[in-house]
Amino acid sequence: MSETDKALSCRHASELLVLAKPQIIETWQKRCRDEVPAAKHVPRLSLVNSLPGFLDQMAKTLSTPESAAQADANAEVACEHGEERAKLGNYTLDEVIREYQLLREVIVRRLEEERPLATVTQEILHAFIDRGIRKAAARYSELGRKELSLSNTQLRGAMSNLVKTNLELEQFAYIASHDLQEPLRQISTYLELLSKRHGEKLDQEARGFIQIGIDSARRMKALVEDLLTFSRTGREDLNYEPTDCSLLVDKTIADLQPLLQASHAKISHDSLPTINASGALISQVFQNLITNAVKFRGAEEPTVHISSREKETEWEFSVKDNGIGIGKKYADRVFLIYQRLHGPEQYPGTGIGLAICKKIIDRYEGRIWVESEAGKGSSFFFTIPKRALQVGRHP
Amino acid sequence: MKITILLAEDSVADQKLFELALEDAGDTQLEIVSDGSEALLFLKKVGKYADAPRPDLVVLDLNLPKVSGFEILAEMRKSPTLKPLPVVLFSGAKPTSEMLMACEGANLYVVKPDGMEKYFAIVKSLANYCRDILKFPDLTDQYTEAFEPILEGSERCDVYFPSKRDAPNGSLMKMSA
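Note that the protein sequences, when read in sequence, are chains R and F.
Position 29 (the first sequence) corresponds to 28 in numbering that gives the first Met the number 0; numbering is contiguous.
Position 119 (the second sequence) corresponds to 118 in numbering that gives the first Met the number 0; numbering is contiguous.
Misleading hints may appear alongside valid ones.
[Claimed, not checked] A partial selection of chain F residues facing chain R, derived with a Cβ cut-off under 10 angstroms:
| id | residue |
| --- | --- |
| 1 | Asp13 |
| 2 | Leu19 |
| 3 | Lys111 |
| 4 | Glu116 |
| 5 | Ala120 |
[As the list claims (entries may be wrong)] Computed cross-link-like contacts, DSSO-like style, restricted to lysine-lysine with a CA-CA straight-line distance of at most 30 angstroms:
| id | chain 1 | residue 1 | chain 2 | residue 2 |
| --- | --- | --- | --- | --- |
| 6 | R | Lys195 | F | Lys117 |
| 7 | F | Lys44 | F | Lys82 |
| 8 | R | Lys195 | F | Lys44 |
[Stated by the list, open to error] Going by beta-carbon spacing under 10 angstroms, a handful of chain F positions derived as facing chain R:
| id | residue |
| --- | --- |
| 9 | Ser10 |
| 10 | Lys15 |
| 11 | Leu16 |
| 12 | Asn62 |
| 13 | Pro64 |
It is worth saying that the hints were derived from the structure and are not from the lab.
Fair warning: this is a prediction, and the values are worked out from it, not measured in the lab.
The C-beta atom is built at its ideal place from N, Cα and C for all residues, glycine as well.
Bound-form chain F, shown alone (with noise of 0.2 angstroms):
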């Protein structure tokens, strides 16, 4: 199932290694923005992004240029027709508790991995998890078998659902379908 997601970073160094991790995540398209204010402009459709296409999953640094991916979250949540996408906020920092009741209306708060073999294991599992809920959107803040790859063994990462205020030790949800 192909899929679009939208990465908002600042960084050149991250969005190229999203670019090359989503390289074996199946069939992917992938819309970069590097600031919040384009973000938003994207997703409302604003000016130059008149035709740009809905995301199925939106990827937000925090420490974004001029919007903070907390405040595309809470714009998104005040809008109707952005609320219903799923919402990854994707940081370097560990999130204190503080900080996941902030970001609650995210569907998943990753913390960006060190090395390579596991940031393109947690971008490959964010694919699988946007294709998960697509199917079946009340596994939303489950860890579907996508994440079965990141939350066991040395590849093990953090990945907090903020509705739960969990910490990555959930039981794995076994999807029957």
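Extracted from the complex, chain R is given alone in its bound form (with noise of 0.2 angstroms):
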């Protein structure tokens, strides 16, 4: 090839790439749309912006070949194509990349619709191409990083204010229930000197009436003390010593046996691990998730077995029963607080036993989840990590 056909090779696809600027934009506009995601709702002025101004610089670059400098300084202007897209927020690094990708594409196609392109033009086209691809997203990259930090700041803010509301909130609910309890138990008791001291004056309604009001408040005090306990779980200080959870399981097992030979249910245990953790409140753990076992009992005696899996950084403990089980989409639910599947004549309770199960696996860095279909039974598992093991006795 000699060096005429190089120069005009070079010189014609400059001067196409001039004519056929609206047209490539328009078909990269188009490209874009459907093959980056990111690009599917911006509105045009911000998609193309200086992109005119690039392929102006790249036909300029093509007509004057020589210098590589030159060429540098021409693809300047991807630099703020970069910038453009890191201000828009929703583009990833890939897909500002794509986005010259598509480009690159569109304008060979469009030059090859002429002839195919010399050796030299696709090299210079592509170098070039290549060029702006590094400036975009260098200076992407370079303002993504700005705001990453700045984001950071914010986030670190945010995270101080959220410890701060939940220690507010914690502090609240603790007062609040303690509060509570005062009026509540003047209530009940007043109530109760109103129905012995003069109930014999009332009437039958009269009484029915006073019992309801008896009865909501022992309903209440039964609330009050539940959130009061619940938020004692989240201050308490955690405990990081040996605890055999097979000594444990016996123990809690021993202490629920009046509600455990009332309902005739079998308890059953694995040989469990020793982990490092409260023993008092893994034991609280242990006694709801078998308390609940036994009280959402199906037809059959509730029996119930525990067990667990050595895992690669954690204990996964399972406690399964053959109770009434849950239906899939409550699964999340009922570690709640307060949340209940039953009214309360049908199973007695505030629905605060798994909600404390889980602000206590929650505080160990472990997870609590249910497996479950109604009629089916239960399995609920959690998981204490092992790494607390090597943590070691806290003071």
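If you follow the hints, you should be able to join the two separate chains into one complex; please do so.
Shown next, in the form of structure tokens:
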């Protein structure tokens, strides 16, 4: 290929580029919207932004292909593009690059409609687009990092606010539940007094009203006490002590004997590991899970089996029962405070047991979940990270 | 034996309950103040309380306006004339061991019970305890017979001796007299 051919080819490409600019931009824009998710809803002006300038510079570079330094300066306009994309906020670096790759395809395809590109034209063209990609990507990343460190600072601020709010909330729950107990005790005592001292003077309906008042006060007392327990669970210091879960579960079962005997429940467990966590808190978890398993029993006598599985970084415990089970859509809800799936007449309780379990397991950075089907029993799982074992005894 | 009880209690509902409960607790005179500073003025016979009687038993709510039950207790223990007076802390909250430590100068820490029967039983027991220790001052930190009705069975209440940091399972002190 002669020098003249080469020059012509480049010059031809340059002229064609200028002529076809609107068409290239149009095609590129369409493809971007189809193939780059972030570009889908970007307004035309923002999407195209510095592209016409970039194409002009590309044409200029093709017409005077001698100096690489000049080509580099010409490609500078791509920085603008990178900057725009960083500011749009929804672009990933891959998407920024993808837009240039699409541009490359659109340009090459359009130019080759005329005639095949000379090798040197191809080289210059690709080199220029590569420069553009590098500049846009560099600018994008640079701005992105700044944004990132800014958002990290904001995140830290938000976190510390969150911690504060959380503390206030826990304090609030504690104080509220504590102070609520006093008037509540007085309400129920006076209702009782009214009923004992003046009940005979009242008709049956009036006595019924008083009884409803007494029952409601009793129920509220249970709610308040549970709220207090719940908030205490969140405030208590987290202990780390070697806790033999086999012994712990045996002891928990012994503590629950009256309940277990009354319901003819059979509780069994495998050999369980020693973990590093507060025996009192973990015992509470087992106690609540076992109590629930027995309380939400089916027609058969309740059987509960507790086992464990060693995983790489954690111990996974399971408490499996043959009770009424939980519908899948309720599987997450049961761990929320005061969430109940049944009326208090059907199954007594305030709906706090699992919320307390979750709080304890959360505090040990484990997970708790349930796998169940209505009518087919439930398996409650929770994990305790092993790394807690290496932490050793805390002061 | 007639006894005089000073009750420092800001809740009108609890004042009235205490008063009603004392109705069948023998011969008693109840004096009531609604905040902590009034309680101290009463005990020190200051101003309008110049002619106030010296109580045989002081019953303090812990959460009192102005001066708390703890502070009244501390003030009383500093005063030579008030130091010998038996003090009962009567609170809605179950005490923690730190709380019991903080109220070590008090004879008793009693948790205000739920339910009318228990409330009445406990107030009656306090009046009888007061009579017991007037007769036998050595028994101030013992479960005298006065507590029998509230330490057994369904009427069991939470009574603590702060000096012993004792839970209410101490054995009953039978008085031979």
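Would the hint on Ala120(F) be counted as holding, given a Cβ-Cβ threshold of 10 angstroms to chain R? This hint is violated: Ala120(F) lies away from chain R, its Cβ roughly 12 angstroms from the closest one there, beyond 10 angstroms.
Please verify that hint: Leu16(F), Cβ, nearest Cβ of chain R, below 10 angstroms or not. With a minimum Cβ separation of about 6 angstroms from chain R (threshold 10 angstroms), the hint on Leu16(F) holds.
Given the hint that Lys195(R) pairs with Lys117(F), test it: the Cα-Cα distance must not exceed 30 angstroms. Answer holds: Lys195(R) to Lys117(F) is near 14 angstroms, not above 30 angstroms.
Hey, Lys44(F) versus Lys82(F), does the alpha-carbon distance stay inside 30 angstroms? Answer holds: Lys44(F) to Lys82(F) is near 15 angstroms, not above 30 angstroms.
Does the CB of Ser10(F) sit less than 10 angstroms away from some CB of chain R? holds (7 angstroms)
Hint check: is the beta carbon of Glu116(F) less than 10 angstroms from a beta carbon of chain R? Hint on Glu116(F): holds, closest Cβ of chain R at ~8 angstroms, below 10 angstroms.
Hey, does the Asp13(F) contact hint survive, CB to chain R under 10 angstroms? It holds, given that the least Cβ distance between Asp13(F) and chain R is near 7 angstroms, below 10 angstroms.
Next item in the hint list is Pro64(F). Is there a CB on chain R closer than 10 angstroms to its CB? violated (14 angstroms)
Have a go at the Lys111(F) hint: is there a Cβ in chain R nearer than 10 angstroms to its own Cβ? The hint holds - Lys111(F) has a Cβ within 10 angstroms of chain R, the shortest such distance being about 7 angstroms.
Holds or violated: are the alpha carbons of Lys195(R) and Lys44(F) at most 30 angstroms from each other? Not satisfied, since the Cα-Cα distance of roughly 39 angstroms exceeds 30 angstroms.
With a cut-off of 10 angstroms on the beta carbons, see whether Leu19(F) makes it to chain R. holds (7 angstroms)
Hint check: 10 angstroms Cβ-Cβ cutoff, Lys15(F) to chain R: holds (9 angstroms)
Checked against the numbered hints above, the structure violates hints 5, 8 and 13; every other hint is satisfied.
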